[in-house]
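**Student:** Protein sequences, first through last, are from chains R and G. First residue of the first sequence: 1, per our numbering; consecutive thereafter. First residue of the second sequence: 1, per our numbering; consecutive thereafter.
Treat the hints with care, since some could be wrong.
With a straight-line cut-off of 27 Å between C-alpha atoms, the simulated DSS-like cross-links for lysine-lysine are [stated by the list, open to error]:
1. R:Lys183 <-> R:Lys405
2. G:Lys66 <-> G:Lys87
3. G:Lys65 <-> G:Lys348
4. G:Lys65 <-> R:Lys183
5. R:Lys83 <-> R:Lys322
6. G:Lys348 <-> R:Lys263
7. R:Lys263 <-> G:Lys65
8. R:Lys67 <-> R:Lys30
9. R:Lys263 <-> G:Lys66
10. R:Lys243 <-> R:Lys183
11. R:Lys95 <-> R:Lys263
12. R:Lys47 <-> R:Lys183
Simulated from the structure, these hints should not be mistaken for laboratory data.
Chain by chain, the residues:
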Amino acid sequence: MPDTRIVITGLGVVSPIGTGSDRFWAAAVKGTNGVRPLSSIDTTDYKTKTGGEVLDFDPAAYLEPSKIKHMGRSSQFAIAAAKEAVRRSGIEVDKEDPFRMAVCMGTTMGEPQILDQGVRAKYDASDTNAIPPDLPRQYPCSVIPTNVARELGAKGYVTIIPTACAAGNYAIGYAFDLLHLGKADVVLAGGSDPFSSIAFTGFNRLLATTPDLCRPFDRNRSGMAVSEGAGMVVVERLDHALKRNAPILAEVLGYGLACDAFKMTIPDPTGSGGIRALGRALANARVAPESVDYINAHGTGTGENDKTETLIAKTVLGERAKSISMSSTKSMIGHTMGAASAIEACACVQMLNNNIMLPTINYQDPDPDCDIDCVPNTAREADLNIVISNAYAFAGNCSSLVLGKYKG
Amino acid sequence: MSGPKVLITRASAVSALGVGLDELSANLPGDPGPGSVKAYEFHELDRETPCFPASRLDPVAVLGKKGLRTKDWATKLLLATIELACKDRFDETEGDGKPGICVGTAFGSVQSIGDFLSDSIVNGVNAVNPQAFANTVINSPTGNANIRHQVRTLSTTVATGFNAGLDALLYSYDYLRRGYLPAVVAGGLEELSYYAIMGMQRSGVLSPRGLIQPFGTAADGFVPGEGCAMFLLETEESARARGASPIAEIAGVANAFEPGTFAGAWASGSDAVRYVMREACAGAGIDPADVGFVAASANGTRPADAMEAAAIAEVLGGTPVTAYKARLGECYGASPALSLACALCDLKAGRITGVPAGYETEGGINLVVDSAAGAESGFALINAFSCDGNCTSIVLKNVP
Chain R
1 MPDTRIVITG
11 LGVVSPIGTG
21 SDRFWAAAVK
31 GTNGVRPLSS
41 IDTTDYKTKT
51 GGEVLDFDPA
61 AYLEPSKIKH
71 MGRSSQFAIA
81 AAKEAVRRSG
91 IEVDKEDPFR
101 MAVCMGTTMG
111 EPQILDQGVR
121 AKYDASDTNA
131 IPPDLPRQYP
141 CSVIPTNVAR
151 ELGAKGYVTI
161 IPTACAAGNY
171 AIGYAFDLLH
181 LGKADVVLAG
191 GSDPFSSIAF
201 TGFNRLLATT
211 PDLCRPFDRN
221 RSGMAVSEGA
231 GMVVVERLDH
241 ALKRNAPILA
251 EVLGYGLACD
261 AFKMTIPDPT
271 GSGGIRALGR
281 ALANARVAPE
291 SVDYINAHGT
301 GTGENDKTET
311 LIAKTVLGER
321 AKSISMSSTK
331 SMIGHTMGAA
341 SAIEACACVQ
351 MLNNNIMLPT
361 INYQDPDPDC
371 DIDCVPNTAR
381 EADLNIVISN
391 AYAFAGNCSS
401 LVLGKYKG
Chain G
1 MSGPKVLITR
11 ASAVSALGVG
21 LDELSANLPG
31 DPGPGSVKAY
41 EFHELDRETP
51 CFPASRLDPV
61 AVLGKKGLRT
71 KDWATKLLLA
81 TIELACKDRF
91 DETEGDGKPG
101 ICVGTAFGSV
111 QSIGDFLSDS
121 IVNGVNAVNP
131 QAFANTVINS
141 PTGNANIRHQ
151 VRTLSTTVAT
161 GFNAGLDALL
171 YSYDYLRRGY
181 LPAVVAGGLE
191 ELSYYAIMGM
201 QRSGVLSPRG
211 LIQPFGTAAD
221 GFVPGEGCAM
231 FLLETEESAR
241 ARGASPIAEI
251 AGVANAFEPG
261 TFAGAWASGS
271 DAVRYVMREA
281 CAGAGIDPAD
291 VGFVAASANG
301 TRPADAMEAA
311 AIAEVLGGTP
321 VTAYKARLGE
331 CYGASPALSL
341 ACALCDLKAG
351 RITGVPAGYE
361 TEGGINLVVD
371 SAAGAESGFA
381 LINAFSCDGN
391 CTSIVLKNVP
């Protein structure tokens, strides 16, 4: 299907600055900081005391009480975001062929709180029999998309791609391909990750978390903030969306994947994977570098990432990189792991629709190694037509997603 | 569906039945039975637990000593299998010409994840080894493989539980048909781990008798196993351009979801199971009656086995059926990839390796016991049906 166009018709967000895409957007435009002292973990022994938690999340608003106890927080987030995305898209699920409705998700840690709960139960009681029998079944990350599919009645492709912190982009990219290949009519795509003590401990031990504020692209940036959330989009072929008079929010123009093949936890300082991913995304989308209006950066706030990401943009976009704006949503919501690029895709859709670029907050001191316009501290109006969302990850996974304003 | 033919030009497997495809083929008709495990490095199970470990693998013999110190067992299984399958393909290609890598796994290394967590609980968060954190992401084995072979083209992990090994092949099949790459090394991986076995024990899915009897009338659960099977998938154009001889073709694929399952309770009338078997055959351009044999997903979990038997009987009638898990154990994400490797061995050997004799089996399907002559059609249907509801079928076509 060479002329197939793929569009986004719905989105849903669960984030530390608000559950629901409208609340998320309103808070993000104001430059709200969702990184706060942590309440779900004892931080006494940690250098970093802050992170992003979704404090307003009530699973009972999305799930029957009897189901809540049978699934982890990642599944609950994903279902909440998916239900919002479906509602906004106006899809009437019972009018769709269920075998042509797919669910494609990404995650970093899956349901780590389930494993945490089980292992702590074992240690607390010195007995594995203290582990609730139904707990192990809630752990494999495969349950996240199957819980979504079961809740929404989808019976098509149901898959999860745990490519760590780039997973949301991988999932949306695969949705794009499933639609192009004619394997689905509608795909619910996105990512979900709950706050994880494993991730918080690990990033602390790697000295990758900041004891300060998260300050992407700032000279004094000192690390990332571990966070949680979910983002989901409804993706479908344009003809399918038009036929049902769906609200068309944006067009998925293409994506690109690559990897660094360098180190498990450190990006290649030459940006080899990111350069390939961005170049492939532009080629896949048939978009020239000079047409790009904005980049939503991976922008974690670590020294290595932000410097390398600047290099990637300069290498691929050339002169255009000096004038293009590239901001970090993570400055506000922290790093939501496998959900990050899915939430950022939702943010990009909202930016395209509102012609507003979200800011990089906590920015004070320019870094000559990050000499880009990071939209410091305050959201800014701009005529946005084509935007890119970058996501990079452990194991050197690199991805870029190209979205465009739908113009008929 | 449009797109180029997708061929298998290399394959390898590591499992309880040996290291490499030749050992798998030679040992498949034998009946080694399960081994057992109790002690792990930091933990001990409360009893000797029957399982099918890949104990014949010596990672150093396959991979050399360099770089293995910080690698967990799942990563070693994957690296060894890839090394055996197609090290030379990685060595003789550069940059954007290298095949991608796509691995299906249910857990990644849950041993690494659990040990990291245990260490932080027992010894304190500031005592854990930061380097060990890298092994806690589910895509860690795949990442280690792309680093070892300097692969910058594609490195993806798919984690759809029991189906992951086949779904990684589906992902790669789609990636090739979209024209993004000419070749991807894809398959399934799973390690035996303390945490996974403990979880299975608590869930009550393991056979109390320590026997795995797919489609058995007295089956009472499964015996866990481990392993890895990887395949070099190439477009026909790529294989032809480099003069590679295909050994099989991924002729048809299908994936669907059965919402009627929850916590392992399959609805006997599952239409998703029937749907994927029919769709995979349709994608291959064959009638279900043309399938030479079925490599079933059955693992001795009676409701799931009964559901699959009823669906096979309805869709494929009297087509011969086997269940390789009887000889390999339930290897979770690796299982369907190992089943595909076994089917490939059987297609090449002109045989169908059935389930071992010695237990009473369900009626209604043409279950092969011991072995039978291979069908002439050259098509095998590989099934993967997960307790989560994931359903995947692939039609494998032998290329003589």
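**Student:** Now, for every hint given, state plainly whether the structure supports it.
**Tutor:** Results for each hint:
1. Distance check on the hinted pair: Lys183 (chain R) and Lys405 (chain R) sit about 25 Å apart at the alpha-carbon level, within 27 Å; holds.
2. The straight-line distance between the Cα atoms of Lys66 (chain G) and Lys87 (chain G) is roughly 16 Å, inside the 27 Å bound, and the hint therefore holds.
3. A C-alpha spacing of about 34 Å is found between Lys65 (chain G) and Lys348 (chain G), which places the hinted pair above 27 Å, so the restraint is violated.
4. At most 27 Å may separate the alpha-carbon atoms for a hinted pair to count; Lys65 (chain G) and Lys183 (chain R) exceed this at roughly 44 Å.
5. Between Lys83 (chain R) and Lys322 (chain R) the CA atoms are separated by roughly 40 Å; this puts the pair beyond 27 Å, and the hint is violated.
6. Restraint check for Lys348 (chain G) and Lys263 (chain R): not satisfied, since their Cα atoms lie roughly 40 Å apart, outside the 27 Å limit.
7. At roughly 19 Å between alpha-carbon atoms, Lys263 (chain R) and Lys65 (chain G) fall within 27 Å of each other, so this suggested pair holds.
8. The hinted pair formed by Lys67 (chain R) and Lys30 (chain R) fails the criterion: a straight-line CA distance of about 36 Å is larger than 27 Å.
9. This hinted pair checks out: Lys263 (chain R) and Lys66 (chain G) have alpha carbons roughly 15 Å apart, not beyond 27 Å.
10. Proximity of Lys243 (chain R) to Lys183 (chain R) is assessed by CA-CA distance (about 18 Å); at most 27 Å being required, the pair is judged to hold.
11. For the hint pairing Lys95 (chain R) with Lys263 (chain R), the CA-to-CA distance comes to about 48 Å; that exceeds 27 Å, so the pair is violated.
12. At most 27 Å may separate the alpha-carbon atoms for a hinted pair to count; Lys47 (chain R) and Lys183 (chain R) exceed this at roughly 48 Å.
When each numbered hint is compared with the structure, violations occur for hints 3, 4, 5, 6, 8, 11 and 12.
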